[in-house]
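S.K.: Residues per chain are reported as follows:
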Amino acid sequence: MKELSEVALPEDVRYTKDHEWARKQGETFQIGITDFAQDQLGDIVFVELPEPGDRFEGGDEFGTVESVKAVSELFMPMGGEVVAINEALEESPELVNSAPYTEGWMLEIKASDPSAYDAMMDRAAYLDMLKGLEE
Amino acid sequence: MRYLPHTPEDLAKMLQVVGVQDLDGLFSTIPDGCKRVDALNIPEMTEWELNDHMAALAGRMVSWADYKVFAGAGSYHHYIPEVTRYLLSRSEFVTAYTPYQPEISQGTLQGIFEYQTLICRLLGMDVANASLYDGAMALAEALLMAIRIGRRKKTVAVSTLVNPYYRKVVETYFAPTEFNLAWLPRREDGTTDLAGLDEIEDLAGVAVQSPNFFGCIEDLAAAGRAIHDRDAVFITCFSEPLAYGLLKAPGELDADIVCGEGQSLGIPQSFGGPGVGIFAAKQKYVRNLPGRLVGQTVDADGKRGFVLTLSTREQHIRREKATSNICSNQSLCAMAAGMYMAALGGTGFRELAALNRDKSEYLKTALQAAGLEIAFSSPTFNEFVVKFPEGFDQKWQDLLQKKFLAGIPLVCYYPELANHYLLCVTETRSKDDMDALVKEVQS
Amino acid sequence: MKDAVGTRGLILNEPFLWERGSKGRTGYSLPRRDVDHAPLPDGLAGDGPDFPDLSEVEVVRHYTRLSTWNYGVDSGMYPLGSCTMKYNPKTNERQAALPGFSGAHPLVPSELCQGALQLIYELEHNLAQVAGLDAASVQPSAGAQGELAGMLIFAAYHRDRGNTRSKILIPDTAHGTNPASAALCGYKAVPVETGPDGVLVPEAVEALMDEDTAGIMVTNPNTLGLFETHIEAIAAIVHAKDGLVYADGANLNAVMGVVDFGRAGVDVLHINLHKTFSTPHGGGGPGSGPVCVGKRLEPFLPAPRVVKTGNDYALSEDFPKSIGKLHAFYGNFGIMVRAYSYMLSMGTKLKDVSQHAVLNANYIKEKLKDVYHLPFDVPCMHECVFTDKRQEKHKVTTLDVAKRLIDYGFHPPTIYFPLVVNGAIMIEPTESESLENLDQFIATMRQISQEAQDDPALLQEAPRNPKVRRMDETLAARKPCLRG
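Quick note, the sequences are listed as chains A, B and C, same order.
Under the numbering used here, the residue at position 111 of the first sequence is numbered 111, and the numbers go up by one with no gaps.
Under the numbering used here, the residue at position 398 of the second sequence is numbered 398, and the numbers go up by one with no gaps.
Under the numbering used here, the residue at position 310 of the third sequence is numbered 310, and the numbers go up by one with no gaps.
Since the hints were derived computationally from the structure, they do not count as laboratory data.
Each residue gets a CB set at the ideal place from its N, CA and C atoms; glycine is no exception.
One thing to keep in mind: the hints can contain errors.
Only part of the chain C face toward chain A is listed, based on derived beta-carbon distances under 8 Å [said to hold, decoys possible]:
| hint | residue |
| --- | --- |
| 1 | Glu473 |
| 2 | Thr474 |
| 3 | Ala477 |
| 4 | Arg478 |
For reference, chain A alone in the conformation it holds in the complex:
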C-alpha cells in the first residue's frame, strides 16, 4: 500500500468521494478510478463496463472492478450517456493499476449537465478527504 505522499493526484482531473476521477475533453468527459483506489484494490483482474449508448444518472453504478479477492462497484461522477469504453481493458485490466489516469481510463461520456464537473472535488479537496480516511 502506498503512503499518501506517494499517491498520484494530477491537477487536470476532478475527484469523487468514491475515488473516481473525471477529465474534461472538449464536448465529453473521460472517467476512471484514482491511483489511491487502484492501490487499495491490488492487482486488477477484470473490469466490467457498460455499452456505448447506455445512460446513467450521477451516482449510479456503471460497472465493477475486480481484484482476485474483491469486487468494487464503480459510480458515475455525473449523469450522462456513454459514448466510448476503453476496450483495451478487456485484454489488459492491469492498465488500471499501471496508468489509472491515462491508458487505464474507463469511460467517455457526454454529460447531461456539464456543470456537475465544477461541483466535483479538486485535487486539494480530495487529498484532504484521503487524509481524513487515514485517521
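Given the structure of chain A, go ahead and fit chains B and C onto it with the hints provided.
M.R.: Positioned in the frame of chain A, the structure of chains B and C alone reads:
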C-alpha cells in the same frame, strides 16, 4: 469413545487453564431459556452393533445380485472398476477440505482440472465448472444463467421430455422469481416439438434433453438452429453422459450450455445421491458460470500449479450478487468421474457406449419380435419406451415377484401414457437376462 | 518443542492424464459382448471423446501421486473455523458401501427399499430432536441449498398468510451464502450491524424489523465464535411482526445436547452433515444440508417425504403446501448413511462432542491471547478469532502466518472471515484433537509469532515445504486457463 481423545486427566488440566469448574461451565454465556430441558435420546452403538444394525437395514433393500433391474430414468447401473473405488478411498482426497490453500491441495486441484478438461472433451464445450449438486439443479442453474445472459428477457422454454424430476426442481427454483417457464410439447416420434418457439415472447433460453426421458435422441442440430434464430441461449441437458461416447457432442451442434447428471461415470447409484451435476458452456460465457472453477497458473518459482479462480462470481465475495448461492460442490464425485474416464480411456468409453446401445437394441428387437409395441420411432441410446397391452400393471407386479424390474411406469409422469414403461439396458444386463425377460413378458 | 510436524520429503511429479497413455491402452475390463452390433442411423454418430488411453498401472500411479500432494484431516490438524474439520470415521464408509445401499435404484417400489426409507425417516427425526424442532427434510444437497430451502419456506409461509414481504435481515457477520440464498428467493438483504460485544443487539433488530420484512437469518453460534445471547429477545421482535427466524446451523458442533433452538425462538434451522455429523469434505463436497422446522412450518418442507404407517415406510407426495423439489431424487443419500452411522456411534455422546469442541477452542484462546490480538476477550464457543494486529508492525499479515503454518505441518485456520474483523484468523480445533496436538499447535503459533519479529521473511516467503509455493492468483484470474 474412540473419536474423543480426552481422558479425565486431560479434561482437568484444560478446564483449569480455561478457568472453568466443569464442562457445563463452558456454556455459562448461554441463557437458560435457550437450553435443552431434556437430554438427547439417541441410541449409542458399538462398532459391532452398528455393523449388525446397518446390515439389517441394507438387507431390506433390493440388491443387484437378486433382481434383474431394467430401469434407468435418471439413475443407471454401470460397472464400477475396482481401481476407481480404491483410488477414491485415498484419505487425502476424502478428508481434505475445499482447496482454498492451494499449496497443500494440488491433488484435488489437478484432479478437478483434469475432470473439467475431460468433460469439455466429452461434450465438445470450451469450459466446464468443478461440478454442481446434480443434473436437476444444474438445469435450474443453466436456465438462470440464460436469463442473466439475455439481460432483459424473462422467459425460458423447457421440453416436456426433460426428466420430470428435473422439471420439478426447475419449477422450485423459478417459483420465487419474476421469470416465466414455458413448456414445449412432444411429437409423435418421441422428440421435442419446437414449432411453437415463435409464439413465445421475451425468450432468453431453451432447454432440451438428449437422450431425452423417453430415451430418444433429439435432433440437436435442428434445435440449435431454431433456438439461435430466436436469439436465445441453447441449453442441452442429459441424464446419461455415456451416450456421448457414441453420439455427436452437443458442442459440435452449437449448444451454448450443456448440463446434466454424471452419476453414470463411476459413481454408485446410492438411492439417488450423491451424484454429480455436470455443467459446461462456451468460452464467451465464462464469467456468467455458476460454481467453482479450477484454473492453471504458476507458483513463485514458476512451477505449474492450480488454484480456484474467477472467485469474484461466487457467494463468498459477491454475496447477494453472486451468479449462484452454491458453496460446496460434489468434488469427490467429480474426482470419481475423472478416474472413471481415465480408466476407460477414449477407446474404452466408445466401446462401452456402443455395447450399451447394442444390448438395448437387442432387447428392443426381441420385444418387437414377441409382438410388443415400441412406443416411439426415434433412435434411442440405452433406454426406450414400450407400450404394453392393457392391464400390464398386474403383470408388472407379477414380474416383480419373480425378481424382474421391467422398467419404470410412465403413467405417473404422463397420465396419458398408461401401460407405457421406460426400459433401460446397460452393459450389466446379459443376453440371457434379456431373453428371460422377454419370455416372462410373453407368458 | 519436539520435532516439527512439517518436514521436507520426496514428492513425485505427475503430468496431466493426457500427457500419459498411448492409443489402445486401457485400464478397464470391457464386459463380454453377447449381442450383435447395431449401428446408429447416419448422421447421429460422433467421433467419441478425445480421452487419453491409459493402462491400469498408469491410472493408479497418477491418482496415488496426486493424493500425496493433498493434506487431509487424516494427515493432521485442520483448524478451519466454521468448517468443523473433525475426524471422518471409517466405519461410516463401510456402511455407505454396503451393496444394499450403494447399489440401490431410487425409483424401485417402496416395499423394495424399506431400509433406505427407514434410515431417512430416523435420521430426520434425530436431527429434529438435536435441533429442538419438530420435523426435518434431508433433501437439500448442501448447506447453501438448505438455506435456499429455508428462504423458500419463509416465502411459502408468508404467501399462505397473505403477507407480502420483500426484505430479510442479515447480520454483517453472515457467511456469503446467506445473502446469496436470500437473493435467489427475490429477497433484498438488509444488513444488521453486530454490536460492540460481537453479538446482535435487540435494538438494532427492532429498528429494522417491519411489516415488509420476511424475517431474520442468524448464525448461532455466530461467525465470531460467540453465542448470540439475545436470540430470544430478537426472535420475539421478529415474531411480533409475523416474521420468521432462520438459524444457519453451520456452527452446531458447539451446542449439541446443550441448546434447544426451538426454545430459543428459531423457526427454521439448517444443518451441515459434512460439518457437524462427520461426513467427509471430499475436497469440496458432496455435503448435505438438511433443514429442520417447527411444527407450523412442517407443511412447507420439500417433497416427497418419508411417512411411516405402522412398521412400513413410504414416500409421499401428499404435501400440497410443500415448497417443491430441490434434488432429482431424495438428496445425497450416501452422505445420509454416513451421518446416520455417526449419530448411532455417538448417541448421547453428541453432547460430549460439543463440550470437548468448546473446551478445545477456549484452551487455544487462553494460550494464544498474549501473542495474538484477540478482538473479543470473552468465553468463546467452538472457535476463536484472532487478528494480525500485533504482527502488522513487522509487515507480517494473517496470510503470512497461515502460509508459515503449512511449513510446520498444520492446515491453516480460516483467514479473512468474518469480514467485520480485519485480518481475521478463525481457529476451530474440533473435538478430534488430543491435548498433545493442541499443545503442539499452540507452540507452533507462538514460534511463528516470534519469527514474525525475528525473521519475517520466513513468513512472507512461506510456504517452502509443499510441492508448490504461493500461487499467482492474479495470473489465474486475468488469463483464465480452465482446461487442458
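S.K.: Find the hints from earlier in the document that the structure breaks and name them by number, from lowest to highest.
M.R.: Checked against the structure, no hint fails, so every one of them is satisfied.
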